[in-house]
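**Q** Note that numbering that gives the first Met the number 0 gives residue 117 to position 118 of the sequence shown, counting from 1, and the numbers run on in steps of one.
Hints are supplied without guarantee of correctness; some may be wrong.
[Claimed, not checked] Pairs of lysine to aspartate or glutamate residues, derived as DMTMM-like cross-links and limited to a Cα-Cα distance of at most 25 angstroms, are as follows:
id : residue 1 : residue 2
1  : 226       : 11
2  : 67        : 53
3  : 1         : 233
Keep in mind the hints are simulated off the structure, nothing from the lab.
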Amino acid sequence: MKAINVAALQSDLHWQSPEANRSHFAAQISQLTQVDLIVLPEMFTTGFSMASTDIAEPNDGPTLSWMKTQANTTGAAITGSVAINDDGDYYNRMYWVEPDGRVTQYDKRHLFRMAGEHQHYSPGSQRIIVPWRGLRFCLQVCYDLRFPVFSRNRNDYDALIYIANWPAARAHAWKSLLPARAIENQCFVIGVNRVGKDGNGHDYSGDSVILDYMGKTLESAPENVSKTLSSSLDISALNEFKENFPAELDADRFELSITG
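Let the hints inform the model, and build the full structure from the sequences given.
**A** See below:
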């Protein structure tokens, strides 16, 4: 089975400037070749802003239209999150857009209360898994990384995607938890963070990484540098590893209940 080629874009963001960010990422994407999946950071058009009423777009707004264009042009799926106003409810919404215009959305479940995110956005209520070119991707956003029950692999996905605006002050947690998720779930992990300083003065070191199912690094970005990570995810290698080391057969069974 063909491996999937991933491009993960670690970049600085223009604060609350959607058009500038779309233009910036369009230039980067135009340089990509032979890619199946393009991953952008959390809130890639604005930065992690709590000004939801000012920055949120309608559900079928300009950024989703832009993502459809990028997916169609490149022949790749593209994913990243945007502040969305959905009939008066605000969400940190992660879009997954395919070349034929098909859209899947995941609303960030765990809102970062230490920044007041829960006061400006509504939490999602579903865990979303998307099949794409032979792999199944589980979509997650930033703070979701700290909640392993929500991401527990019930043999229903092959890769976790975490997009983030994860501050440099807590980079140790980011760099520790991503490989933990890969190891415990026996899956690939794509972690994409931003760099630079946001409008609230928070610094971001990036530390984006693509990991295999043993938590080993396939590709990583240096701190504080914009970089496009490129790696191939080989589902055949993953399946062979799980056949030889079927830890999921001994996993504890539980039911996940999402409330609130």
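**Q** All the hints need checking, so say for each whether the structure fits it.
**A** Going through the hints against the structure:
1. 226 <-> 11: The hint holds at about 10 angstroms.
2. 67 <-> 53: Since the Cα atoms of residue 67 and residue 53 sit roughly 23 angstroms apart, the hinted pair holds (cutoff 25 angstroms).
3. 1 <-> 233: The hint holds at about 7 angstroms.
The structure is consistent with each of the numbered hints, conforming to all of them.
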